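Engineer: If you read the sequences in order, they're chains F and L.
When we follow the numbering used here, the leftmost residue of the first sequence carries the number 1278, and every step to the right adds one.
When we follow the numbering used here, the leftmost residue of the second sequence carries the number 152, and every step to the right adds one.
These are computed hints drawn from the structure, not numbers from a lab.
The structure displayed is predicted, hence computed values, not measured ones.
EDC-like, lysine to aspartate or glutamate: derived pairs with alpha carbons at most 16 Å apart: (1) K362/L - E1340/F; (2) K503/L - E531/L; (3) K1370/F - D354/L; (4) K1370/F - E350/L; (5) K468/L - E420/L; (6) K1368/F - E350/L.
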Amino acid sequence: MAKLKDLAEMPERLSGGHRLCAGCGASIAVRQILRGTQDDVVVGCATGCLEVATTIYPYTAWEVPFIHNAFENSAATVTGAEAAYQALQRKGKIPAGKKIKFVAFGGDGGTYDIGLQSLSGALERGHDFVYVCYDNEAYMNTGIQRSSATPYGASTSTVPAGVCSFGKPQQRKDLAMIAAAHHIPYVAQGTIAHWNDLLMKAEKAFNTPGPAFLLVLAPCPRGWIFPIEKTVEIAKEAVDSCFWPLYEIEHGVFKLNKKVPDAKKVPMVEWLKKQKRFKHLFQEGCEKYLENIQVQVDEEWARYNRMNGEKIF
Amino acid sequence: MSTATIKKIKKALTGNEAGAEAMRQIDPDVAAVFPITPQTELMHAFAAFVADGKVGTELVTVESEHSAMSATVGAAAAGARAMTATSANGLALMWEIVNICSAMRLPVVMPVINRAISGPLNIHCDHSDMMGSRDTGWIQIFSENSQEEYDNIIQAVRIAENPNVLLPVMVGSDGFIISHALETVEIYEDAEVKEFVGEYTPDRTLLNTGKPMTYGPLDLQDYYMEHKMAEHNAIHNAGKVILEIGKEFGKKFGTEYGFFDTYKMEDAEYAIICIGSTAGTTRVVVDKMRAEGKKVGLIKIRVFRPFPFKELAEAVKNLKGLAVLDRADTFGGRGGPLYIEMKSALSDVKEKPVTRNFIYGLGGRDINTTDIETIYNQIEETVKTGKGAESFSYFGVRGDV
Ligand SMILES: Cc1ncc(C[n+]2csc(CCOP(=O)(O)OP(=O)(O)O)c2C)c(N)n1
Chain F
1278 MAKLKDLAEM
1288 PERLSGGHRL
1298 CAGCGASIAV
1308 RQILRGTQDD
1318 VVVGCATGCL
1328 EVATTIYPYT
1338 AWEVPFIHNA
1348 FENSAATVTG
1358 AEAAYQALQR
1368 KGKIPAGKKI
1378 KFVAFGGDGG
1388 TYDIGLQSLS
1398 GALERGHDFV
1408 YVCYDNEAYM
1418 NTGIQRSSAT
1428 PYGASTSTVP
1438 AGVCSFGKPQ
1448 QRKDLAMIAA
1458 AHHIPYVAQG
1468 TIAHWNDLLM
1478 KAEKAFNTPG
1488 PAFLLVLAPC
1498 PRGWIFPIEK
1508 TVEIAKEAVD
1518 SCFWPLYEIE
1528 HGVFKLNKKV
1538 PDAKKVPMVE
1548 WLKKQKRFKH
1558 LFQEGCEKYL
1568 ENIQVQVDEE
1578 WARYNRMNGE
1588 KIF
Chain L
152 MSTATIKKIK
162 KALTGNEAGA
172 EAMRQIDPDV
182 AAVFPITPQT
192 ELMHAFAAFV
202 ADGKVGTELV
212 TVESEHSAMS
222 ATVGAAAAGA
232 RAMTATSANG
242 LALMWEIVNI
252 CSAMRLPVVM
262 PVINRAISGP
272 LNIHCDHSDM
282 MGSRDTGWIQ
292 IFSENSQEEY
302 DNIIQAVRIA
312 ENPNVLLPVM
322 VGSDGFIISH
332 ALETVEIYED
342 AEVKEFVGEY
352 TPDRTLLNTG
362 KPMTYGPLDL
372 QDYYMEHKMA
382 EHNAIHNAGK
392 VILEIGKEFG
402 KKFGTEYGFF
412 DTYKMEDAEY
422 AIICIGSTAG
432 TTRVVVDKMR
442 AEGKKVGLIK
452 IRVFRPFPFK
462 ELAEAVKNLK
472 GLAVLDRADT
482 FGGRGGPLYI
492 EMKSALSDVK
502 EKPVTRNFIY
512 GLGGRDINTT
522 DIETIYNQIE
532 ETVKTGKGAE
542 SFSYFGVRGD
552 V
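Whole structure, please, built from the sequences with the hints as guidance.
Structural biologist: As structure tokens, then:
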């Protein structure tokens, strides 16, 4: 892995001056991940906050070739470009030695939901590309609506907390496992707070021939409702509470990257308390929902621990 | 090279096989494939060429037509000559990206094997699929038979990639009637076709990492309309290029192509204007009725977008009666899509024929020579009695069943 100093000196591939909110996790994810390769990159992006805030015509924040096509087809679009690269190189229309890496970004809406089919197709076909889902756990660009990544109990615009509602009644979908079930060589889950872990994963993803999938927790101050300077802290505590385990699935073998001893495990209520999207759960009568959340996280954590070191796909 | 020296190889091919032959000779860098009747066999044949190493194409076996068009857009933006093919529901599913493809000014070529749009579900021919994407900014060319399908696909590459055009082209051919019927097709030598289509060397691509470009930005109130106007101008100006390439094709391969084709129109009093394979049926009827002394003629549309309204108004203005045949409806509009265009084209001329619109052949409903003769007789009757003038109605239906 490259040294921190060298990384800091790498030219920015997503420049500053874009219009993402202060404290946005998405741009942190992009900048860290694009440091994972020294090769040229072609970037694709689904419709969502990242795309709309970085490419307002006639401006662009992208210092690398970039394509946005639509909301649900970032994977299909980028793999089309990758197919072009394969063909043109084979036909001698671009130099044989010219190395280009292909990476598609999508929000959780564009990946877990509307773009799942396109992603699944691209992973199954085995293109040499990296798909990165920056997961801010809701459709933020359109005003904080629930997605299948939104955690149980969170209040969103489409499932707001109310007299008859405690927020989202379903658990989030385990997308990294779904990606891994495609028998692709590399899948990993990370956060924007664990930069060295994420960079290691990005490097592996770029260097592994074939498809790689990265799921990156990218907190959203607007949607989760916390002060903008807390983005990294919130992401860090998502791991320390075991809500968001850091793991890799390399050629089907599951590995927990960070063990959290029981004594050090941050109770979920501590993490939830810091985000106003869960505020309603702290009213009287909502105790059972808070308990459910802890039970869910404990069960998932136990499951991950059981899988640790196992070939699961 | 002059026509005389061009070698033509006569082959018995279905429309789908002829389409695949054109694709083999074009040898696109990327082709995205997804099955749908009646397009399926075109891609089967092409996939076999890939499997046998007869083309250098990267075949992307997508999981849907939405992804077919998305991957095609990605490939074309990366500088590849990129193609896909589809029918009906497939075209409907990719519709969102069909618009994005033309807005990005990507010269994609897509054979569309025309089939009725669901619902109800039907796999047979009509033009509702391509008419449903009429306003997407794609150039639309229709074929009468397998030969034209083959010739049109070859020309489409040149039209799309022309620097003054840079727009995608869909080439329509009637499902089953053309796609599955075996006909004699004259195939040109590979080298000649390759010479005609030439190398594709776009000056901007995603893979030009030394000169990074952003494709598909957010384009708001301050620029969107200028970009749309550029698209508008490009498709209107494409007409000139379509004609030039049609001429060049004629010089090289022997058959010149224009916006539309006329048959015995010189002194015609009554004419039918139609799209696709129905023109072949109509030509037979023209000959029969001419032998009986009736002054009838035919116009067959080749290019529907850009619509050659001036040229068509000129071509029909001296007729007494014009029957416009539409293989699609606009449901609530003034007849079928071709009729609406013709009415609008004729609004520019003072002396104009009586017109009447017949919506026919939906979902593959057969149209035969007797039907066509009936239509000629009906338009003559309309001119004489005034009954049914400027009306639109379904032809060949039993009413409520
Ligand atoms: C087909 C389609 N449906 C809906 C939309 C509207 N839309 C644009 S972005 C978006 C939400 C994006 O959410 P997500 O993928 O989570 O990314 P985020 O905005 O949170 O970064 C929606 C619903 C669209 N652009 N296209």
